[in-house]
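Chemist: Please construct the entire structure, taking both the sequences and the accompanying hints into account.
These protein sequences, in sequence, are chains A and B.
Anchor point for the first sequence: position 44 equals 43 in our numbering, and the numbering is continuous, going up by one each time.
So the number in our numbering is just where the residue sits in the second sequence, counting from 1, plus 6.
Hints are computed from structural coordinates only; laboratory data are not their basis.
Because the structure is a prediction, the values reported are computed rather than measured.
You may find that some hints are simply not true.
With a Cα cut of at most 30 angstroms, we get these calculated DSS-like pairs of lysine-lysine [as the list claims (entries may be wrong)]:
#, chain 1, residue 1, chain 2, residue 2
1, A, Lys72, B, Lys576
2, A, Lys135, B, Lys113
3, B, Lys8, B, Lys197
4, B, Lys8, A, Lys135
5, B, Lys239, B, Lys197
6, B, Lys8, A, Lys14
7, A, Lys115, B, Lys576
8, B, Lys19, A, Lys14
9, B, Lys8, A, Lys115
10, B, Lys576, B, Lys197
11, B, Lys113, A, Lys6
12, A, Lys120, B, Lys8
13, A, Lys120, B, Lys114
14, A, Lys72, B, Lys200
So you can see what is in the structure, the chains are spelled out below.
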Amino acid sequence: MAILRVKDLTKIYGKRDTTVTALGGVSFSMERGEFAAIIGASGSGKSTLMHLIGGVDRPSSGSVTVDGNEIFKQNESELAIFRRRNIGLIYQFYNLIPTLTAEENIMLPRLLDNRKPDEEKLQTILETIGLTGRTKHLPSELSGGQQQRVSVGRALINDPALILADEPTGNLDSKSSREIIDLLKLANKRYKQTLLIITHDEKIALQADRIITIEDGLIIRDEEVR
Amino acid sequence: MKITANLAYSQLKVNRRRTFWTLLGIVFSGALITAVFGVAASGITWVERVANSPDTLMYNGIVFGMGVLVNLLVIGVSFVVISNSFRVSAGERTGQFGILKSVGATKKQITGTVVYEGLFLITIGVPLGIMLGSLFHWGGIFLANDILSGMQGSFVRDISIPFVFSWIAILLSVALSSLTVLYSAWRPARKAAKIPAIDAIRGVGVVKISAKQVRTNPIVKILFGFEGTLAGKSIKRSQRNFRATVISLAVSMVLFIGAGAFGLQMQNLMENDWLSGSSANVTVSNWSSRIDNSLPIDEAEWGCLSYAQALDLTAQFKQEGDVIMIAEAGNSPRVKISPEERTADASPLLDDDFVPIETRDRPGYRWVRFVTLDDKTYARVSQLAGVPLGSNILVNFERQWSDDHRREIRVEPYVFSGQTWAFESETIIEGDEAWYYESDGNIELHGVLSLEHTLPEIASRMGDSMVIVPPDSDLFIQNNGDSGGVGFWWFVTAENSSEFQSAAHELIELFQDGEHGTFGVSNLQAQRDQETAIVRVVMTAAYLFIAMLTLIGLTNVISTISTNVRTRAKEFAALESVGMTKSGIVRMLRLESLLCSMRAICFGIPGGLLLSYVTHRIVADENTWRFDVPWMIVLQCTIAVFVITWLTMRSAASRIRNKNIIETIRSEGV
Numbered sequence: 000m001a002i003l004r005v006k007d008l009t010k011i012y013g014k015r016d017t018t019v020t021a022l023g024g025v026s027f028s029m030e031r032g033e034f035a036a037i038i039g040a041s042g043s044g045k046s047t048l049m050h051l052i053g054g055v056d057r058p059s060s061g062s063v064t065v066d067g068n069e070i071f072k073q074n075e076s077e078l079a080i081f082r083r084r085n086i087g088l089i090y091q092f093y094n095l096i097p098t099l100t101a102e103e104n105i106m107l108p109r110l111l112d113n114r115k116p117d118e119e120k121l122q123t124i125l126e127t128i129g130l131t132g133r134t135k136h137l138p139s140e141l142s143g144g145q146q147q148r149v150s151v152g153r154a155l156i157n158d159p160a161l162i163l164a165d166e167p168t169g170n171l172d173s174k175s176s177r178e179i180i181d182l183l184k185l186a187n188k189r190y191k192q193t194l195l196i197i198t199h200d201e202k203i204a205l206q207a208d209r210i211i212t213i214e215d216g217l218i219i220r221d222e223e224v225r
Numbered sequence: 007m008k009i010t011a012n013l014a015y016s017q018l019k020v021n022r023r024r025t026f027w028t029l030l031g032i033v034f035s036g037a038l039i040t041a042v043f044g045v046a047a048s049g050i051t052w053v054e055r056v057a058n059s060p061d062t063l064m065y066n067g068i069v070f071g072m073g074v075l076v077n078l079l080v081i082g083v084s085f086v087v088i089s090n091s092f093r094v095s096a097g098e099r100t101g102q103f104g105i106l107k108s109v110g111a112t113k114k115q116i117t118g119t120v121v122y123e124g125l126f127l128i129t130i131g132v133p134l135g136i137m138l139g140s141l142f143h144w145g146g147i148f149l150a151n152d153i154l155s156g157m158q159g160s161f162v163r164d165i166s167i168p169f170v171f172s173w174i175a176i177l178l179s180v181a182l183s184s185l186t187v188l189y190s191a192w193r194p195a196r197k198a199a200k201i202p203a204i205d206a207i208r209g210v211g212v213v214k215i216s217a218k219q220v221r222t223n224p225i226v227k228i229l230f231g232f233e234g235t236l237a238g239k240s241i242k243r244s245q246r247n248f249r250a251t252v253i254s255l256a257v258s259m260v261l262f263i264g265a266g267a268f269g270l271q272m273q274n275l276m277e278n279d280w281l282s283g284s285s286a287n288v289t290v291s292n293w294s295s296r297i298d299n300s301l302p303i304d305e306a307e308w309g310c311l312s313y314a315q316a317l318d319l320t321a322q323f324k325q326e327g328d329v330i331m332i333a334e335a336g337n338s339p340r341v342k343i344s345p346e347e348r349t350a351d352a353s354p355l356l357d358d359d360f361v362p363i364e365t366r367d368r369p370g371y372r373w374v375r376f377v378t379l380d381d382k383t384y385a386r387v388s389q390l391a392g393v394p395l396g397s398n399i400l401v402n403f404e405r406q407w408s409d410d411h412r413r414e415i416r417v418e419p420y421v422f423s424g425q426t427w428a429f430e431s432e433t434i435i436e437g438d439e440a441w442y443y444e445s446d447g448n449i450e451l452h453g454v455l456s457l458e459h460t461l462p463e464i465a466s467r468m469g470d471s472m473v474i475v476p477p478d479s480d481l482f483i484q485n486n487g488d489s490g491g492v493g494f495w496w497f498v499t500a501e502n503s504s505e506f507q508s509a510a511h512e513l514i515e516l517f518q519d520g521e522h523g524t525f526g527v528s529n530l531q532a533q534r535d536q537e538t539a540i541v542r543v544v545m546t547a548a549y550l551f552i553a554m555l556t557l558i559g560l561t562n563v564i565s566t567i568s569t570n571v572r573t574r575a576k577e578f579a580a581l582e583s584v585g586m587t588k589s590g591i592v593r594m595l596r597l598e599s600l601l602c603s604m605r606a607i608c609f610g611i612p613g614g615l616l617l618s619y620v621t622h623r624i625v626a627d628e629n630t631w632r633f634d635v636p637w638m639i640v641l642q643c644t645i646a647v648f649v650i651t652w653l654t655m656r657s658a659a660s661r662i663r664n665k666n667i668i669e670t671i672r673s674e675g676v
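Modeler: Right, here's the structure in full:
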């Protein structure tokens with residue numbers, strides 16, 4: 000069964016003379032455990048697509064169904080709760096809460112659910128992302144690569160059905176970039192989490208099972224790589 | 007701790023400076039609310055002790071109502087100030103809210119991260135505020151009692167306002183302070199939580215700028231150059247940030263100007279009382295009264311001092327200080343004033359077409375009172391009138407009222423030409439209700455005392471009659487009939503008014519046998535001291551209140567301007583990177599403070615003048631009708647506003663001098 004189904008997704012910004020069509024009716028689906036990469040030039044609509052799938056933004060028209068739930072039929076609170084439990088988001092600029100420690104940032108989705116931290120799960124995540132020794136550090140005390148690891152940990156903590164990563168290596172050096180992609184691939188393979196990455200790096204894209212190419216708000220190519 | 011509380015707490019820790027100023031604002035706000043309710047509680051207790059009337063409940067209601075009204079003003083200003091602080095806090099965290107939303111935080115949880123800030127600050131700020139407020143309450147009562155107890159009058163010495171610790175007042179203060187803070191936190195938090203996650207992440211949700219919004223007045227550029235244009239755009243762009251600053255400064259200005267003008271008005275009222283211009287500090291009076299009160303008026307015998315006895319008392323009073331004695335005859339004859347003898351300002355009662363109110367009134371006629379003075383005072387008056395001793399002197403003075411009966415107008419109603427007037431005395435023929443008039447002699451006028459030269463003591467005795475000052479007591483004795491109306495007034499300038507008051511009571515004791523009329527002794531000095539002290543207490547309380555209110559606003563001014571400079575560090579670094587010098591940036595900030603001050607002044611001055619005029623209309627009496635614009639107070643307030651914003655901006659700007667461009671542009675987050 001498709002874990003993600005995007006149907007005729009459209010996003011238009013502005014009014015009258017200043018309208019910009021960021022997405023012009025995008026449709027595709029992904030199976031559970033699939034790893035796909037979205038590539039395209041700057042301004043092609045990749046990030047817009049990512050934000051819509053993640054429920055962070057609302058489309059002008061179209062629908063997104065995640066794990067059988069049509070997310071835009073939910074109100075804002077329901078969508079937030081759904082996102083917290085079912086979608087993991089990773090951004091280019093980490094987007095950590097600066098006043099929380101690494102451990103707290105990782106646990107954030109669970110803490111928002113008022114659930115007690117699962118220590119065993121946390122340890123597993125920390126070991127997976129390789130940050131067991133720096134859990135009490137604030138983001139300002141971590142390197143870029145470490146911060147992105149924390150971001151990955153946060154995305155994984157609730158075992159989400161879908162992980163969305165928007166240029167996760169865009170702000171990292173090559174070594175850190177490799178490490179992050181390896182982590183994401185590990186989560187994909189080990190936990191069967193569906194992974195959708197936006198990247199402009201072809202080397203990263205080629206590591207995916209499938210590459211979706213976007214141009215001017217439309218999918219122009221969708222091909223299996225392996 | 008819940009994650010939302012944790013986020014709130016860490017935000018407070020991170021922005022220690024703003025947390026401090028916000029906390030201080032909450033403490034001052036709570037203190038003021040507590041002090042006002044505490045003083046109201048003391049006032050209510052005092053009313054219950056002093057008032058001995060069935061209207062006590064009404065007075066208590068008035069006192070409590072005034073306390074509520076004053077506190078509404080405090081709450082209003084506090085809300086503007088404190089909510090601005092939370093709004094700035096929420097605004098700084100827009101990106102953080104976007105992250106939280108993207109991770110799955112609901113609007114309620116986002117709002118909670120700001121509201122919890124308020125809760126934490128309440129737990130520290132409100133108790134501190136209550137304690138400080140109770141201290142202000144106690145201090146205020148102590149100060150008031152200290153001022154009031156120093157007065158000479160026995161009435162005032164017994165005032166003694168009690169310090170009352172009222173649990174109801176404390177609970178009300180806690181509730182109102184807490185609710186004010188919570189609402190101040192909730193409103194901006196709720197607004198911030200509504201920003202879509204994607205806008206928050208991108209940082210475009212907070213500031214939506216349109217070209218129209220940032221268009222500045224071209225005069226600013228001409229006067230202050232490009233830095234002025236940037237400063238103007240910054241103010242327009244961040245209107246909300248500066249709004250609370252402008253409001254709190256403007257409110258303080260309005261209140262200071264209003265209070266200052268009120269104080270001047272009170273001073274004016276006291277200086278222009280019924281005896282303004284007189285040096286007398288004690289008055290003694292004796293007027294005729296019925297010897298046997300059980301008899302009807304027309305059958306009664308009237309008792310009063312004789313002229314000789316009055317002169318004797320005058321001589322004794324003169325041993326204690328300077329004395330002016332005025333003797334007023336009982337019967338009042340009338341004279342006819344021809345139109346040629348009246349000025350344009352003469353009383354309408356003299357008009358030939360005047361309609362009599364009762365059968366005694368006749369058009370063109372005026373009552374006359376003969377006011378006899380002691381020798382020394384008469385000599386002074388004749389010198390002022392420019393006539394020799396032995397002259398009959400007309401006092402050319404009349405009080406009239408404006409149409410609304412609020413304003414006294416003093417005029418010279420008569421044309422003096424050395425004329426001779428014929429008297430008419432009136433009487434009722436027994437058994438008949440009509441008044442009959444008989445000729446009763448003539449009086450030749452030898453001189454006139456102008457309005458300007460009329461002694462304040464004589465003016466104080468002017469009613470709606472004409473006054474003629476004869477050289478001796480003949481006319482007084484001639485008109486000193488058996489129907490009362492005789493009186494003696496002594497205006498004494500004693501070295502010590504209280505001592506003379508006691509001495510006067512001893513001297514008149516001999517005559518207080520019911521056969522020599524009724525006596526009165528008034529310590530004018532004590533009355534003036536009492537009025538001065540009460541005004542001092544009221545004005546001190548008013549200024550302290552306004553100062554506290556200003557302090558609440560000041561916490562916001564400092565916090566807003568400091569935060570504004572800090573959050574724009576990247577903007578300044580970007581300006582530097584394209585060539586603007588640090589001096590240019592500092593100049594731009596100074597111009598921002600100048601423009602901000604000018605906005606506050608544009609509201610503060612007209613508002614203050616309006617408040618001054620309104621209070622003037624309410625309290626002005628016939629002596630102080632003219633409204634004088636309190637320019638000095640306006641100037642002082644204006645300077646204070648400029649100084650406050652200048653110093654704050656200067657302090658904040660000094661911190662940007664040491665920043666490195668590249669580091670600042672690169673840095674993200676806190």
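Chemist: It remains to establish, for every hint, whether it holds in the given structure.
Modeler: Now for the hints, and whether the structure bears them out:
1. Lys72/A x Lys576/B: The hint is violated at about 40 angstroms.
2. Lys135/A x Lys113/B: 28 angstroms, holds
3. Lys8/B x Lys197/B: 22 angstroms, holds
4. Lys8/B x Lys135/A: 18 angstroms, holds
5. Lys239/B x Lys197/B: 24 angstroms, holds
6. Lys8/B x Lys14/A: 42 angstroms, violated
7. Lys115/A x Lys576/B: Measuring from Cα to Cα gives roughly 39 angstroms; hence the hint is violated.
8. Lys19/B x Lys14/A: Measuring from Cα to Cα gives roughly 43 angstroms; hence the hint is violated.
9. Lys8/B x Lys115/A: 10 angstroms, holds
10. Lys576/B x Lys197/B: Satisfied, since the Cα-Cα distance of roughly 25 angstroms is no more than 30 angstroms.
11. Lys113/B x Lys6/A: Holds, at roughly 28 angstroms.
12. Lys120/A x Lys8/B: With a Cα-Cα distance of about 20 angstroms, the restraint between Lys120/A and Lys8/B holds, given a limit of 30 angstroms.
13. Lys120/A x Lys114/B: Answer holds: Lys120/A to Lys114/B is near 27 angstroms, not above 30 angstroms.
14. Lys72/A x Lys200/B: Holds: Lys72/A and Lys200/B sit about 18 angstroms apart, inside 30 angstroms.
Checked against the numbered hints listed earlier, the structure breaks hints 1, 6, 7, 8; every other hint is satisfied.
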